[in-house]
Amino acid sequence: MPSKKSVTIGVVDTTFSSVNMGRIAIDELKKSHPRVRIIRRTVPGFKDLAVECQRLLKNKCDIALALGMVGKAPIDSQCAHEASIGIQMAKMNTNKHVIEVFVHMNEAVRKDGSLDESDFLALTEDRVRKHAHNAVWLVSNPEKLVERAGSGRRQGRKDVGSIEKR
Amino acid sequence: MPSKKSVTIGVVDTTFSSVNMGRIAIDELKKSHPRVRIIRRTVPGFKDLAVECQRLLKNKCDIALALGMVGKAPIDSQCAHEASIGIQMAKMNTNKHVIEVFVHMNEAVRKDGSLDESDFLALTEDRVRKHAHNAVWLVSNPEKLVERAGSGRRQGRKDVGSIEKR
Amino acid sequence: MPSKKSVTIGVVDTTFSSVNMGRIAIDELKKSHPRVRIIRRTVPGFKDLAVECQRLLKNKCDIALALGMVGKAPIDSQCAHEASIGIQMAKMNTNKHVIEVFVHMNEAVRKDGSLDESDFLALTEDRVRKHAHNAVWLVSNPEKLVERAGSGRRQGRKDVGSIEKR
Amino acid sequence: MPSKKSVTIGVVDTTFSSVNMGRIAIDELKKSHPRVRIIRRTVPGFKDLAVECQRLLKNKCDIALALGMVGKAPIDSQCAHEASIGIQMAKMNTNKHVIEVFVHMNEAVRKDGSLDESDFLALTEDRVRKHAHNAVWLVSNPEKLVERAGSGRRQGRKDVGSIEKR
Amino acid sequence: MPSKKSVTIGVVDTTFSSVNMGRIAIDELKKSHPRVRIIRRTVPGFKDLAVECQRLLKNKCDIALALGMVGKAPIDSQCAHEASIGIQMAKMNTNKHVIEVFVHMNEAVRKDGSLDESDFLALTEDRVRKHAHNAVWLVSNPEKLVERAGSGRRQGRKDVGSIEKR
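Chains as they are written, first to last, in this note's numbering: chain A, 1 to 166; chain B, 1001 to 1166; chain C, 2001 to 2166; chain D, 3001 to 3166; chain E, 4001 to 4166.
Looking at chain A on its own, in the form it has when it is part of the complex:
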């Protein structure tokens, strides 16, 4: 499903993350959307994502993927919140989309509180790959998203589907 017009996507991830999220995004983009141009950056932590995305969007990119991993402690959630506010600012200042792709370790913990690493990896891959498609569609093929409106799409887990009138 190649994109209709030429698109430049910024891919920004972190050194904090335990998964190379940028590499997954680039793999998916190259495989499924070979004509998309990619500019990759890595920043220390997720609070640094917003301004890096803004820099890319003010320069050459049409859209950016902000890829971050959120730790298990409550302070991590507060920091993710600040990072998200920053990402909203980046979008507003550039009038372009940034898809925030955050994976929370708490999404893949066992009952004893330990991280289920293989589940976490699968979740991360699925979320990054699906949002790579969303990014291309938003810029070059927005009707793809309208077709999917209200269909309960999930990134990271299986789609939940629509609630139908009975």
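Simulated from the structure, these hints should not be mistaken for laboratory data.
Computed from a predicted model, the values in this text were never measured in an experiment.
Watch out, some of these pointers could steer you wrong.
Said to hold, decoys possible - Residues on chain B that point at chain C, a partial pick, calculated with CB under 8 Å:
{"id": "1", "residue": "Asn1095"}
{"id": "2", "residue": "Pro1142"}
{"id": "3", "residue": "Leu1145"}
{"id": "4", "residue": "Ala1149"}
{"id": "5", "residue": "Gly1152"}
{"id": "6", "residue": "Arg1153"}
{"id": "7", "residue": "Val1160"}
{"id": "8", "residue": "Gly1161"}
{"id": "9", "residue": "Lys1165"}
{"id": "10", "residue": "Arg1166"}
What the hints assert, rightly or not - To give a feel for the contact side, a few chain E residues facing chain D, derived at Cβ under 10 Å:
{"id": "11", "residue": "Gly4022"}
{"id": "12", "residue": "Arg4041"}
{"id": "13", "residue": "Val4043"}
{"id": "14", "residue": "Lys4047"}
{"id": "15", "residue": "Asp4048"}
{"id": "16", "residue": "Ala4050"}
{"id": "17", "residue": "Gln4054"}
{"id": "18", "residue": "Leu4067"}
{"id": "19", "residue": "Gln4078"}
{"id": "20", "residue": "Cys4079"}
{"id": "21", "residue": "Ala4090"}
{"id": "22", "residue": "Leu4115"}
Just so it is clear, CB atoms sit at the ideal spot from N, CA and C, and this is done for glycine as well.
The hints should help you fit chains B, C, D and E onto chain A, whose structure is shown.
Just chains B, C, D and E, lined up with the frame of chain A:
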């Protein structure tokens, strides 16, 4: 109750939602306000609504409906909060209204915590349809809203009415 | 105590509120400050107040009253928070004051959690009327406020007064 | 310790506060920094401080002191948070400092929850007076602050000092 | 590992902190990146960091380190949150990076709640020194960060490493 002057309304919903909220809004607008022009967009999740609304408002739209569904987990509430802050920014930057139409799954859960799907659908329809009217009135017929000031209007549920002096 | 120079005040309230707060504000302004010009608007809910105030302040108003009622549920408090952030943005963007006049239903509940309607009405009236004066003073008579600095003024309830050195 | 160059400081306090914080600030500035020019304003509550500071900073002031008292209820903390976000905006928009001097009643409560008035007054005085110096130094004598870097300074209470390597 | 091109870094710390964080940052920069130019500022508390960073970035600096210490009380966390939002604004307004280097006393408390001072000092040093490198790399050697993407880097504690597919 047709609107007085020509209005262009942006209708933005998500693929995340389990209800096609955009379709409901468009149905109501076409039925009750046939002269209104509609531009529809769909984005992945509710955090993407703000900048899409801003893009529409900076271009052709007089007002936008930001239609989103919020899941049941606490993290969903935090994300909705970030989405709302973004929507405030979109309004401020464009000096135009965006009506935030969010439905929270927690508004229609049974005592056992499960979702009451038919109640949730009814709630969503009612909220979207009523806010479609609010959007048209805000732009073309603001005196309609002044008439309703302080009358305890609700979208999604029945109006609660005014508190009267005894 | 008429105001010294000509002032235009925006009065913005909501259809959500169960009390016609705009009418109270206008009544007080007309009675106590008959030379003040008033522009009234009504929006659906309190999240819509900020941009309406900004629109008035960018146009003809010197100051605005943002009149909102906050429900009893925790989600109502979060929404009020978002509305307040928006109001801060409106002030910053216009470099003018917006007096946020929010009444929380939780301020007038009986021990059994039910709303004490007459107490709530009295509270709302008192808060709106006193802030109507504050609005006029801020624009036309700021020394009135300096005279009252640190005097424990309250809107809605009785003043608490100053803490004096013993 | 007179300031090196001419400085204009905005002093903004509230009618809500039970202590005349503006008077304390002005007293300290006149006594310790007699060449500093002062512009004083009073606003109703602490949510009104940000835009008043911005107005002063956009006009004649080099820096402002935002003086506010925070009540004991949880809602007061949320409001203080909104006021603080506004103050951050004021600084960013003007590229000048605003020193936020907030005293929380919860800082001076007895075990039974009642306010210890004399402790609260002492705390308020100490915080306001010390921040009056900080304001002057930030603008006219920033090396004074570099000398104190990492020294555990407190306003309101005694300094806690540095943690030294053993 | 000297930086490739000339860089000016702003180093901003506080008088509130009990550790001279600015001195540590400057020591690391001089030792490891001797050609980097440094401009140092100290402000009273961490809420003052954002605008000071913005002032430096609007003037001569390519990037800034915002160095702050966060106390143990819940109110300290809320204040840190406001400071962080301000720092996001500073980045967005200047389109440059600010590395937020905050140390929370709660990161180094013993089971009895008391501060483990030597652990806290070690944590602070490690975090400041590592982020000094990140700052230089972000501006002059961004490929250094891409090489480290997804490698679970930590500042203050040991790196946690990558999660590998098995």
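Inset, instruction - Provide an ascending list of the numbers of those earlier hints which the structure does not satisfy. - result: none
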